[in-house]
Every structure is written in structure tokens, then in C-alpha cells.
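Q: Note that the protein sequences, when read in sequence, are chains A and B.
Going by this note's numbering, the letters in the first sequence line up with residues -15 to 400, in that order.
Going by this note's numbering, the letters in the second sequence line up with residues 182 to 395, in that order.
Hints in this document: simulated from the structure, not taken from any laboratory.
It should be emphasised that the depicted structure is a prediction, and the values quoted were computed from it without experimental measurement.
Here a beta-carbon is modelled for each residue, glycine too, at the ideal position from N, C-alpha and C.
Some clues are possibly wrong.
[Stated by the list, open to error] Simulated crosslink set (DSSO-like; lysine-lysine; CA at most 27 Å straight-line):
{"id": "1", "chain 1": "B", "residue 1": "237", "chain 2": "B", "residue 2": "302"}
{"id": "2", "chain 1": "B", "residue 1": "385", "chain 2": "A", "residue 2": "302"}
{"id": "3", "chain 1": "A", "residue 1": "-11", "chain 2": "B", "residue 2": "276"}
{"id": "4", "chain 1": "B", "residue 1": "302", "chain 2": "A", "residue 2": "14"}
{"id": "5", "chain 1": "A", "residue 1": "109", "chain 2": "A", "residue 2": "56"}
{"id": "6", "chain 1": "A", "residue 1": "16", "chain 2": "A", "residue 2": "266"}
{"id": "7", "chain 1": "B", "residue 1": "237", "chain 2": "A", "residue 2": "261"}
{"id": "8", "chain 1": "A", "residue 1": "260", "chain 2": "A", "residue 2": "196"}
{"id": "9", "chain 1": "A", "residue 1": "17", "chain 2": "B", "residue 2": "186"}
{"id": "10", "chain 1": "A", "residue 1": "258", "chain 2": "A", "residue 2": "106"}
{"id": "11", "chain 1": "A", "residue 1": "78", "chain 2": "A", "residue 2": "16"}
{"id": "12", "chain 1": "A", "residue 1": "196", "chain 2": "B", "residue 2": "380"}
{"id": "13", "chain 1": "B", "residue 1": "302", "chain 2": "A", "residue 2": "295"}
{"id": "14", "chain 1": "A", "residue 1": "14", "chain 2": "A", "residue 2": "58"}
{"id": "15", "chain 1": "B", "residue 1": "280", "chain 2": "A", "residue 2": "-11"}
{"id": "16", "chain 1": "B", "residue 1": "362", "chain 2": "B", "residue 2": "302"}
{"id": "17", "chain 1": "A", "residue 1": "191", "chain 2": "A", "residue 2": "89"}
{"id": "18", "chain 1": "A", "residue 1": "302", "chain 2": "B", "residue 2": "380"}
{"id": "19", "chain 1": "B", "residue 1": "186", "chain 2": "A", "residue 2": "135"}
{"id": "20", "chain 1": "A", "residue 1": "260", "chain 2": "B", "residue 2": "380"}
{"id": "21", "chain 1": "A", "residue 1": "196", "chain 2": "A", "residue 2": "107"}
{"id": "22", "chain 1": "B", "residue 1": "380", "chain 2": "B", "residue 2": "286"}
{"id": "23", "chain 1": "A", "residue 1": "266", "chain 2": "B", "residue 2": "308"}
{"id": "24", "chain 1": "A", "residue 1": "295", "chain 2": "B", "residue 2": "385"}
{"id": "25", "chain 1": "A", "residue 1": "58", "chain 2": "A", "residue 2": "128"}
{"id": "26", "chain 1": "A", "residue 1": "16", "chain 2": "B", "residue 2": "186"}
{"id": "27", "chain 1": "B", "residue 1": "302", "chain 2": "A", "residue 2": "258"}
[Said to hold, decoys possible] Where chain A lies over chain B, by a calculated footprint (3+ residues, C-beta under 8 Å):
{"id": "28", "region": "185 to 196"}
{"id": "29", "region": "212 to 224"}
{"id": "30", "region": "279 to 291"}
{"id": "31", "region": "307 to 318"}
{"id": "32", "region": "349 to 359"}
[To be verified] Here are some, though not all, of the chain B residues that point toward chain A, as calculated from beta-carbon distances under 10 Å:
{"id": "33", "residue": "236"}
{"id": "34", "residue": "296"}
{"id": "35", "residue": "297"}
{"id": "36", "residue": "300"}
{"id": "37", "residue": "301"}
{"id": "38", "residue": "337"}
{"id": "39", "residue": "385"}
{"id": "40", "residue": "387"}
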Amino acid sequence: MELIKIVIYTSIYIGLIATSFFILSFLSNKRKKTILYNDNELPFVSIMIPALNEEESVAKTLDSILAINYPKNKFEIVFIDDGSSDNTLKIAKKYKKYGIRIFHKKNDPIGRKGSALNFALKKVKGEIVVSMDADTFVAPDSLKKMVRYFKDPNVMCVSPGITIYQPRNLFQKIQYIEYLMGLFLRKAFASLNAIHITPGAFSAYRKNFFDKYGGYELGNLTEDLEVSLRIQYNHYIIQNAPDAAVYTIAPDNFYDLFKQRRRWYVGLMKNTWKYKKIFSPKYGDLGMFVFPIAWISIFFSVFVTIYLFFKTLIEARKEILFLQSIDFDFPNLLSLNYYVFERWVFLFFSNPIIIFIFFFMIIIGVYLIYASRKLGHISKWYFNLPLFFIFFALLFGFWWTLSVLYIIFNRGIKWR
Amino acid sequence: MANRKIQSFRRYVLAFIIGTTLFLLGFFIVNSLSHIEYQRISDFNNKLSYKIFEDKISYSFFGRKICSDETYRSISEDLSIQGRIIDDLERKFGKENAKVLERKKFYSLVLLEHFEFITLKNEECPKKIHTILFFYSNDPRYLEDSENVGRVLSSVYERNNDLVIYSFDINLDSDLINKLKERYYVQFPLEIIIDEHVKILNVKDIEEIERHLD
Chain A
-15 MELIKIVIYT SIYIGLIATS FFILSFLSNK RKKTILYNDN ELPFVSIMIP ALNEEESVAK
45 TLDSILAINY PKNKFEIVFI DDGSSDNTLK IAKKYKKYGI RIFHKKNDPI GRKGSALNFA
105 LKKVKGEIVV SMDADTFVAP DSLKKMVRYF KDPNVMCVSP GITIYQPRNL FQKIQYIEYL
165 MGLFLRKAFA SLNAIHITPG AFSAYRKNFF DKYGGYELGN LTEDLEVSLR IQYNHYIIQN
225 APDAAVYTIA PDNFYDLFKQ RRRWYVGLMK NTWKYKKIFS PKYGDLGMFV FPIAWISIFF
285 SVFVTIYLFF KTLIEARKEI LFLQSIDFDF PNLLSLNYYV FERWVFLFFS NPIIIFIFFF
345 MIIIGVYLIY ASRKLGHISK WYFNLPLFFI FFALLFGFWW TLSVLYIIFN RGIKWR
Chain B
182 MANRKIQSFR RYVLAFIIGT TLFLLGFFIV NSLSHIEYQR ISDFNNKLSY KIFEDKISYS
242 FFGRKICSDE TYRSISEDLS IQGRIIDDLE RKFGKENAKV LERKKFYSLV LLEHFEFITL
302 KNEECPKKIH TILFFYSNDP RYLEDSENVG RVLSSVYERN NDLVIYSFDI NLDSDLINKL
362 KERYYVQFPL EIIIDEHVKI LNVKDIEEIE RHLD
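If we strip away everything but chain B, and leave its shape as in the complex, we get:
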């Protein structure tokens, strides 16, 4: 008959240490990758804000003609993806992460800067660019619906050329966002404001939006 005692308790302790180290290493790698991404997106965000700022100064200070400028769409696409990645980073690092919150506030500022530029463009130029302000929420109760409305808006964006969409986190602790909410009487998550005067809550389908973009 074979000896059936546990062969080595030391081996169990060692396995526990190695297993735990590998487990923590996995999260450490993920955290490091997220930090690299954060740094990259921050640099990108800074460059973009510089570009918007430069365009505005060129117009207001040096009288540059803005009506022929068509770069707004590519800038808005860049902004859109940055917003999504910042939200992804927020989910990775947590809602309370100071670095991400700071970046998010700065990003919202850049969005508003661009929004102001487009508003200016609409006042000055014959061609009308539609704007949509979307107030989403990363609160678990609204997260899924926020993502769905976001996807509907992406489709609207792809189908309509002269359109820029700005997404703001309704829960962001920022004076600017609060003022924006006050200005457009936004009270609930998932509200969208089309061309500064049409308000829709909880968009159900694409036509609900597109009928206001004609």
C-alpha cells in the first residue's frame, strides 16, 4: 500500500506565493498598459485642444475665414474617440481616480471650445452644421442605455455629413458642465439637445433624431 500523506506543505505555500504573484502581475500589466494609454490620450488631447484654440485665435484675432474650413469633422471624430477612451480609462481606474477626472474635465473643456467654434461658424457661414449635445451617464443604472444611445448617435453621425456630436458626462463634477446643463435645462441622463433647441429624452430610434436634422 502506498504512503498517502501530503507530500510537502512547503510546496503548497510556494505554489500559493507563485500563483498570487502571477495573479497580481496580470493586474499590474493591465494597469501599466492603461497608464501608457492614459499618457498617449493625454498628449493627443493636448494637441487637439491646441489645434482648436489655434483655429479660433486665427479667426478672432487674425480674421481668418472659417467658412471654407472643413477640418471640423475630423476634429470631432478625434474628440469622439478620445471621449470613449477616457470613459474606458475611467472604468479601468475607477470613478474616483483624480488623474482621469482631471483629464475628463479638460476633455469636456475642449469639447465646449469646439462647440463654441462650430456655433460661431454657424453664425458666420451659410452652410449649417448641426450639433447634438448628448448627456450620458456612467452610473451602472444608465450605463447600458447610455451606450445604446451612443451607438444610435454614431449611426446618425455616419449617415449625416454636416453634423457634430458632443458627449458630456452628466455626473462630472465640473462647473462648466453644470452651467451647460442649466443653459439647456438638462435634468436627466440620456437627454440630447439637437441644434441647441430640440430636447429629446431617451432616444428610441434613429428617425426620432433625423427628423430634426433636415
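Next comes chain A alone, as it looks inside the complex:
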């Protein structure tokens, strides 16, 4: 058997075992009792919103956070303009009358978003702090649903049910399915205390954690991820509130999406290296299964992408030589008939990889049904799912391969 087939079938086999394990973990979590705050016990929360040149979305973000259903005397909003050169600060200042505390600081090109959040951490009064992006919107009950989990003193972070705000084009629709899928997986990981990535767009933290272990790491490409891994590294709990709906604006073109993913993936590699001790039995299911499986799947993805890239080049060369041998006689080459179609259908459906793709489509369909139950109606997911399957694996492999090359050749990555 060819090496590539061995790699593909091994990754499918591991994927099926891992998926079965996550579904079983998810189901077992349903039987667990979670300690939650009642309405009268809710702690004081500080919502920190750093912003750099977000004039298009900042008003909607502030409107959405002002509309939250949380005791008015138990939360504050701290807005930090991180040296915007557009109208972000001017727009934010209009919200001062609603009690939003507005700060302006000079942009720190090295410290980036982490620097703005550390600045805010010094100003806030809350027992719980929330990091919120200025292009993110929340449903009114989301904050309350998240903060309830902090009753357990070991919970240091709670992640929401994050999804894409009004996905319009192909790139956003692919990300939409990815985010919705993440809802189920994050809940399954929560049952194993294995959440290792929390959305920077909107996550809640216990302030004590920052007081004890330091604030955001300056210059880290993915400062939110670093905090999540630091929480896990110190054996605390990251919880998940899938029904706490949060909407973020996703990149809508290939280049912006690529820049975002390159930053995320390079950040993930660097932070994983920093916290490599997590790969150990001391970290239970996270160290022994969830973390290794994530990296094995990335390895397979990069391997297959590199293989396909070179294979495509070689095949293209062969195809040109073949076309040359038949005088580029396209009309006759493309002559299609019922039998050609029939043979194609047979080869397509008798390919085990296609059958396994159908399996995974069914599984992801179940994930999406779960997401729709948590977040309400999800528009046209059945149309977007095939798009996701056609493009995401390719894009995922491509982003990862380039990110690995960036690390190998030590190329600098800009935050945006």
C-alpha cells in the first residue's frame, strides 16, 4: 500500500476513535452536576474592550454590551482605545454618558492587544473580567450564563458559544461551520477539563488568576491562547457555556483569513512549545489524549497537503505531456457518455475515503444540530456543510503548512 494511503487511513481511523471518544465524553458530561451561581449570587464583572481602528463595528459592540441582562450595579465596561488613527475613540466617547469608562493609550506595537488588556486589568474593579473584541456582539443573556460557572472556585475561565456574525460569502460560510462545530467539541473538551483554546473575542476570567500568575504576555501572537494554556498548566478549570451566544465578524477574504490563521497557528505552535509539559499523564485526558490528538491531526494534515501539492504538480506535468501526445484534441478527450459517468459514480462511491467523508458529514451534522439547539436557528447549514467539506480541509492544510514554514524559516508575523 502506498505511504499516502497509509497516512490517510491512519488519520481516518484515529479521527473515528477520537470522535467516538469526544461524543462519549459529551454524553457523560450531561450526567455531571455543575455548581452554578444563582441570580442573587452573581459577582461583579468588568468588561474590557480594547480597540484599534474599529470605527465600523465599535458602536454595535457597545450597544450590544449595554443591552446585556446582568444586574446593573454588578458590572462595568472599560473601553481602551489602543491608539486608533480613525474615529474609534470619537465614537466610543459618545457612550460615556452610559457609564462606560473610556481610556486612551498610545499603541504599543510590541505588546499589541495584550498591552491594552494589561492596561485595563489595572483599572478594573471586577472579581470577574471579560476580554471582548470591538468587532464582537453578545446576546443579552450570554454574560449571565457564563458568569454562573465561576461559583466553582477552580474555574478560572469560561468560554462562550461563539459563532460568525452574518456569514455572507464563501470564506465566512466555511468559518461559520467551523465555529458551530467548535461548540460541540468545546463542550466535550469541557467535560474532560481539556479546553485549551478560548475565543479572544469574548471570554471571562477570574481576576485572581491574573493577580497570581501575571497579566497577558506582551508580544505573544495569541495572548488569549497563552492564558488558556497557562490556566491548564496550573491545573485550573476552563468551563464552557455553549448557550451563551457571541457573534464575531469573520475575515471575508482569502488574504485576511490567511493572515488571521497564520497568526493563530504560529501562536499555537509557540505556546504549545512553551507549555510542552502539558503532554504528560499529570494533565489527565488533556495531556494524554486531547492535546496529542490535536497535534497528530495537524501533522497528518500538513503531510497530506505537502504530498498533494507535489502530486498535483507532477500530475499536471504528465497531463500536459499526454495532451501533447494527442495534439491537444480536447473535444474528443472530453467526450462523455453514460458509461463514463457510470464508471465515475462507481469509482467515487466505492472509494473508502468518500464513505468516511460521509460518516464525518453525518457526525458534523449532529454537531450542528446541537449548535442550533444552543444558539437558536442556524441558517442554511445544510448548504454550507458541503462547502465546508470541500474547502476547509484544503485551507486548513494550506494554512498549517505555511505556518510551519514560517516557524522553520523564523519569519516574523504581524498581529494584523
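Fit chain B to the given chain A structure using the hints.
A: What follows is chain B alone, placed relative to chain A:
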């Protein structure tokens, strides 16, 4: 601090069992689909052989005129696709699969039956139908080249009306194929025989063939 022990070893065992079952189920579905296809192609193959046999008997026994019969081209197209699907099935079930080998031998017999009919037609009728015998190999060393020559031949077929192509697996353990190889002095994979007398090894381009079809 949280308790970081593995939560449940039983869950891992269960996940392994479910994952393995799904993995095997995938191959079981593929195998079942291939069996259905095998059955379908076998039925089709039988019908076609019956049709060729009927045509030959009609001619030799009942004196039917064969020169006006133009169905040979559609029959050859049917044969061609059947051959490809049988090769696909061979790759799915493996070279040693007795059922596929048996079907392949029968298919080669049907091909020869048709070839004989066309030879007869050429002797009897003023219109000349060109024939090409292609000896391919499914051995991994020759597989890619065999497919390429097959594609060149498909193009030749599309461009030339009065042409029938017969593809034989040179490695098939069949007395008939061996006799055919002896008859046309075929020694290597990828050889083609045009109109029973021109032999070309490893065709490089379409013109190499077409110059013999004028």
C-alpha cells in the same frame, strides 16, 4: 486545583471499539458496493456475449447479411467500459480474487469472439473496419503507462469511426490470451497490434497510430 486524573479508561476502550467498528463498516460498505457492481457488470457481460454469439450464429447458420450491420461500434463501446470496470473491480478485490479473474477470462473470451466477428466482417464486406489489439498490464510497474496508452487509444477511437479496440491483460492466466500473444508475437506489456500486422511498442503519440489507419 482541579483533579487531573484520566476520567474513565472504560470510555477509551468503548471509543476504540466504536471507532474500529465504524472504520471496518466503511470498508464493508465499499466491499458491498463493489459486489453489487460486480453482479451488475457480470449480467451485462453475459447479455453482451449472448448478443455477439447470436449475431455470429445468425450469419454463419442462417446466412444473415453482416455488411449492413453497424451495431459493432456500440458493442465495442460496451465492451470497452466493461473492461475498465472489471479492471477497477480487480483493483478493489485484489489480483488474486477468483471471481474477478473468472469474469476477466470470460470477458476476454467475449472480446475475442467479437474480434473474430469483425475479422469475418472485414473478409466479407467492402468496408474496412480497423482493429487494434492492446496488451496492457495492471502490474504497478506498467500501470501508469498502460493507462496513458489506454487514454491515447480512446482519443484515437473518438477520432476514427471505423475502428474497434480490444484491450487484453497481458498477465491474465488464460490459454486463449497466451495463444493470442503467440499469434501476434507479443512479448511485452504496452504493445499494440494494428490491423493484425503492425506492431507498436509503447505508443508515444496519436499520430504514431493514426498513420496506420488511413
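Q: It remains to establish, for every hint, whether it holds in the given structure.
A: Hint check results:
Under the criterion of a C-alpha separation no larger than 27 Å, the hint pairing residue 237/B with residue 302/B is consistent with the structure, at around 10 Å. Under the criterion of a C-alpha separation no larger than 27 Å, the hint pairing residue 385/B with residue 302/A is consistent with the structure, at around 13 Å. Of the supplied pair hints, the one linking residue -11/A and residue 276/B holds, its CA atoms being roughly 19 Å apart against a limit of 27 Å. Restraint check for residue 302/B and residue 14/A: the C-alpha separation of about 77 Å exceeds 27 Å, so the hint is violated.
About 14 Å separates the Cα atoms of residue 109/A and residue 56/A, which keeps this hinted pair within 27 Å; it holds. A threshold of 27 Å between alpha carbons decides the hint, and for residue 16/A with residue 266/A the separation of about 22 Å falls inside it, so the pair holds. For the proposed pair residue 237/B and residue 261/A, the alpha carbon gap of about 79 Å is over 27 Å, so the pair is violated. Distance check on the hinted pair: residue 260/A and residue 196/A sit about 21 Å apart at the alpha-carbon level, within 27 Å; holds.
At roughly 18 Å between alpha-carbon atoms, residue 17/A and residue 186/B fall within 27 Å of each other, so this suggested pair holds. Taking the CA atoms of residue 258/A and residue 106/A, the gap is near 26 Å; set against the 27 Å cutoff, the hint holds. Restraint check for residue 78/A and residue 16/A: not satisfied, since their Cα atoms lie roughly 46 Å apart, outside the 27 Å limit. Under the criterion of a C-alpha separation no larger than 27 Å, the hint pairing residue 196/A with residue 380/B is inconsistent with the structure, at around 85 Å.
Taking the CA atoms of residue 302/B and residue 295/A, the gap is about 46 Å. The hint is violated against a cut of 27 Å. Taking the CA atoms of residue 14/A and residue 58/A, the gap is about 30 Å. The hint is violated against a cut of 27 Å. Of the pairs offered as hints, the one joining residue 280/B and residue -11/A holds, with about 26 Å between alpha carbons and a cut-off of 27 Å not exceeded. Under the criterion of a C-alpha separation no larger than 27 Å, the hint pairing residue 362/B with residue 302/B is consistent with the structure, at around 22 Å.
The hinted pair formed by residue 191/A and residue 89/A meets the criterion: a straight-line CA distance of about 22 Å does not exceed 27 Å. Pair hint residue 302/A plus residue 380/B holds up; C-alpha atoms about 25 Å apart against a cutoff of 27 Å. For the proposed pair residue 186/B and residue 135/A, the alpha carbon gap of about 22 Å is at most 27 Å, so the pair holds. Restraint check: the Cα-Cα separation between residue 260/A and residue 380/B comes to about 65 Å, which exceeds 27 Å; the hinted pair is violated.
Between the alpha carbons of residue 196/A and residue 107/A the distance comes to roughly 17 Å, so the proposed pair stays at or under 27 Å and holds. As the CA atoms of residue 380/B and residue 286/B are separated by approximately 24 Å, the hinted pair is consistent with the 27 Å bound. For a cut-off of 27 Å, the pair hint linking residue 266/A to residue 308/B is broken: about 84 Å separates their Cα positions. Distance check on the hinted pair: residue 295/A and residue 385/B sit about 22 Å apart at the alpha-carbon level, within 27 Å; holds.
Our distance criterion of 27 Å between C-alpha atoms is met by residue 58/A and residue 128/A, whose separation comes to about 11 Å. Pair hint residue 16/A plus residue 186/B holds up; C-alpha atoms about 16 Å apart against a cutoff of 27 Å. Distance restraint check for residue 302/B and residue 258/A: the Cα-Cα separation of roughly 80 Å exceeds the 27 Å cut-off, and the hinted pair is therefore not satisfied. Check result for the region 185 to 196 of chain B against chain A: holds, 9 residues qualifying (beta carbon to beta carbon below 8 Å, three or more required).
Restraint check on the region 212 to 224 of chain B versus chain A: 3 residues with Cβ-Cβ distances below 8 Å, three needed, restraint holds. With 0 residues having a Cβ less than 8 Å from any Cβ of chain A, the region 279 to 291 of chain B misses the three-residue criterion, and the hint is violated. Restraint check on the region 307 to 318 of chain B versus chain A: 0 residues with Cβ-Cβ distances below 8 Å, three needed, restraint violated. Coverage of a stretch by a chain is defined here by at least three residues with a beta carbon nearer than 8 Å to that chain's beta carbons; for the region 349 to 359 of chain B and chain A the count is 0, and the condition is violated.
The beta carbon of residue 236/B comes no nearer than 21 Å to any beta carbon in chain A, farther than 10 Å, and the hint placing it at the interface is violated. At about 20 Å, the closest approach between the beta carbon of residue 296/B and any beta carbon in chain A exceeds 10 Å, and the interface hint on this residue is violated. Given the 10 Å rule on beta carbons, the hint for residue 297/B is violated: about 24 Å separates it from the nearest Cβ of chain A. Using the Cβ-Cβ criterion of 10 Å, the hint placing residue 300/B at the interface with chain A is not satisfied: the shortest such distance is roughly 25 Å.
Against a cut-off of 10 Å between C-beta atoms, the interface hint on residue 301/B is violated, since the closest Cβ of chain A lies about 26 Å away. Hint status for residue 337/B relative to chain A: holds, with the closest Cβ pair at about 8 Å, below 10 Å. Using the Cβ-Cβ criterion of 10 Å, the hint placing residue 385/B at the interface with chain A is satisfied: the shortest such distance is roughly 6 Å. Interface restraint check for residue 387/B: the shortest CB-CB distance to chain A comes to about 5 Å, inside 10 Å, so the restraint holds.
Comparing the model with each numbered hint stated earlier shows that hints 4, 7, 11, 12, 13, 14, 20, 23, 27, 30, 31, 32, 33, 34, 35, 36, 37 do not hold.
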